[in-house]
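Asks: The listed protein sequences correspond, in order, to chains A and B.
If you read the first sequence in our numbering, its first letter stands for residue -19, the second for the next number, and so on.
If you read the second sequence in our numbering, its first letter stands for residue -19, the second for the next number, and so on.
No wet-lab data here; the hints were simulated from the structure.
Warning: the hint list may mix true and false statements.
Identical copies look the same in the list; a pair holds intra-copy or inter-copy alike.
Unchecked claim - Restricting the straight-line Cα-Cα distance to at most 25 Å, the calculated cross-link-like pairs of lysine to aspartate or glutamate (DMTMM-like) are:
(1) LYS219 with GLU130
(2) LYS109 with GLU124
(3) LYS109 with ASP9
(4) LYS219 with GLU161
(5) LYS37 with GLU150
(6) LYS34 with GLU178
(7) LYS34 with ASP48
(8) LYS109 with GLU45
(9) LYS37 with GLU151
(10) LYS109 with GLU75
(11) LYS219 with GLU75
(12) LYS34 with GLU130
(13) LYS109 with ASP147
(14) LYS109 with GLU130
(15) LYS34 with GLU3
(16) LYS172 with ASP197
(17) LYS109 with GLU167
(18) LYS172 with GLU124
(19) LYS109 with GLU120
(20) LYS172 with GLU52
(21) LYS109 with ASP237
(22) LYS109 with GLU52
(23) LYS34 with ASP147
Protein chains: 2
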Amino acid sequence: MGELVFIGLGLYDERDVTLKGLEEARSCDLLFAEFFTSSLVGTGPRRLSNLYGKKIKVLTREEVEGGDIMVEAAMSRRVGFLVAGDPMAATTHVELRLRAHRAGVSTRVVAGVSALTAVAGALGLQIYKFGRITSIPFREEGFEPLSPYEVVGMNRAAGLHSLVLLDIQEERYMTAGEGMEYLLGCEAELSKGVFLPETAICVVGRLGSSQPLVRADRVGTLLEEDLGTPLHALVIPGKLHFMEVECLSEFAGLPEDLAQSFNP
Amino acid sequence: MGELVFIGLGLYDERDVTLKGLEEARSCDLLFAEFFTSSLVGTGPRRLSNLYGKKIKVLTREEVEGGDIMVEAAMSRRVGFLVAGDPMAATTHVELRLRAHRAGVSTRVVAGVSALTAVAGALGLQIYKFGRITSIPFREEGFEPLSPYEVVGMNRAAGLHSLVLLDIQEERYMTAGEGMEYLLGCEAELSKGVFLPETAICVVGRLGSSQPLVRADRVGTLLEEDLGTPLHALVIPGKLHFMEVECLSEFAGLPEDLAQSFNP
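Isolated chain A, as found in the complex (with noise of 0.2 Å):
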């Protein structure tokens, strides 16, 4: 009896996998993957190939969700489904697995480190303070949705941090330089005060590698500033309790006078 087998290889590079996930995929009788939801910048499928003894045949967009490659493989066979983070965060994943399981293959879920709890850790921010997660896409004719900007604006009135995550698309990765201008651009439009270059925001660049960047500052300087190669991810800082602002200062380079205004 087949089987498909979703796989989280976690943040940054090969060795960000799970003892569990690594035996997996190394169990498994066929590999693949994608990097189009998100991506291991710190890796690449040659490296991931050696880890697991096996070729991995990586999938584009078209193919894990036109495409019934994997359903037909797994019918059979053993199929690990290697996926960057947690492997059900992209919508596209739920759906596949539904597709496999109504086509009467069992599913499984090896689950992944998560971007979304590891940039709260990086920057020292409650994770229980965090209100809905939001991302910014890549500008196209026609769509540029203004629901990252209000969910934001949500989130800050009811004193909640915000994780803005960015689009990928490609090999082309949504800087958080990008992104702060798009919120620049939302704000534009909108005019509610939610996202000016004098408002606080935090910025996680390459969590998991050895050089992680952990800054927060105010928006305008943050623009100015070299915040390195991707991945990026922004929060905005709703209501800071004492201890998430001396993190800030203590870890990310908050500026004095700007920790003095989350005080009470």
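Here the structure of chain A is known, so what remains is to put chain B in place on it, guided by the hints.
Replies: Same frame as chain A, now just chain B:
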């Protein structure tokens, strides 16, 4: 020069650590662990010791929060602090990290798989549609906060799902049943119609194990069901996308009539 490295162990047993976490722990001079903020139900200190090839000193809450055992050791040696889940999810570790930093000890965080994303993934619920996370404490004389109920109510009013984590104290793990009874108690007090026997709820348990529990049904039904051993967590769904309804039906046994109630 010493160092204090926070290492996340993930969800369930000793194989839920990442390769990076494993290598870090193996290369430390000294290993400490705590199992009071979270716990690896599927393993114990001895198996962890075997994996890492060195002794592990398990600390009590008092030793982690009050004492400076780890900070002092980390002045001159590489100290690893092993924590289930993601190591920065608990405030007490953020505080420890700040204390170490102020004492001049350099610190690092190796992220781990967190229940926060794994729960959503196991249920097929979209991480973008979660509101604020909350947790239920064991009832104590004079400490029975209504905030978990209030957070669930606010999230649901906004159409968002609520992840409800359940308390751990020493070897005592709050069960899904106890958590549901707690919320029913809040309902009896506040009567806002947020949490009733007919309310839809999801329960997950033993994530990361080979026999995870993934259920969705009415509160009244799941209160009567044997949900097995901990760790458990609850999700009270907000507005469900049709794909989320399908996942709950296919993977969590959501009954047909309850599924219908979520469809527009």
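Asks: Work down the list of hints and note, for each, if the structure agrees.
Replies: Here is what the structure says about each hint:
1. LYS219 with GLU130: Both: 17 Å inside a copy, 18 Å across copies.
2. LYS109 with GLU124: This pair counts as between: shortest inter-copy Cα distance 20 Å, intra-copy 28 Å.
3. LYS109 with ASP9: Neither way: LYS109 and ASP9 sit 43 Å apart in one copy and 35 Å across, limit 25 Å.
4. LYS219 with GLU161: within (23 Å within a copy, 31 Å between copies)
5. LYS37 with GLU150: Only inside one copy: LYS37 and GLU150 sit 16 Å apart there, 46 Å across copies, limit 25 Å.
6. LYS34 with GLU178: neither (51 Å within a copy, 50 Å between copies)
7. LYS34 with ASP48: within (21 Å within a copy, 47 Å between copies)
8. LYS109 with GLU45: Between. Shortest inter-copy distance 22 Å satisfies the 25 Å Cα cut-off; intra-copy 34 Å does not.
9. LYS37 with GLU151: within (17 Å within a copy, 45 Å between copies)
10. LYS109 with GLU75: Answer is between: at 16 Å across copies they meet the 25 Å cutoff, but 30 Å inside does not.
11. LYS219 with GLU75: between (36 Å within a copy, 18 Å between copies)
12. LYS34 with GLU130: neither (45 Å within a copy, 50 Å between copies)
13. LYS109 with ASP147: Answer is both; intra-copy 24 Å and inter-copy 18 Å each pass.
14. LYS109 with GLU130: both (18 Å within a copy, 14 Å between copies)
15. LYS34 with GLU3: both (12 Å within a copy, 23 Å between copies)
16. LYS172 with ASP197: Answer is within: at 21 Å inside a copy they meet the 25 Å cutoff, but 41 Å across does not.
17. LYS109 with GLU167: Result: close both inside a copy and across copies, 24 Å intra and 23 Å inter.
18. LYS172 with GLU124: Answer is within: at 17 Å inside a copy they meet the 25 Å cutoff, but 38 Å across does not.
19. LYS109 with GLU120: between (32 Å within a copy, 24 Å between copies)
20. LYS172 with GLU52: Classified as neither: same-chain Cα gap 50 Å, cross-chain 49 Å, threshold 25 Å.
21. LYS109 with ASP237: Within. Shortest intra-copy distance 23 Å satisfies the 25 Å Cα cut-off; inter-copy 35 Å does not.
22. LYS109 with GLU52: For LYS109 and GLU52, neither the intra-copy (43 Å) nor the inter-copy (31 Å) Cα distance is at most 25 Å.
23. LYS34 with ASP147: neither (30 Å within a copy, 42 Å between copies)
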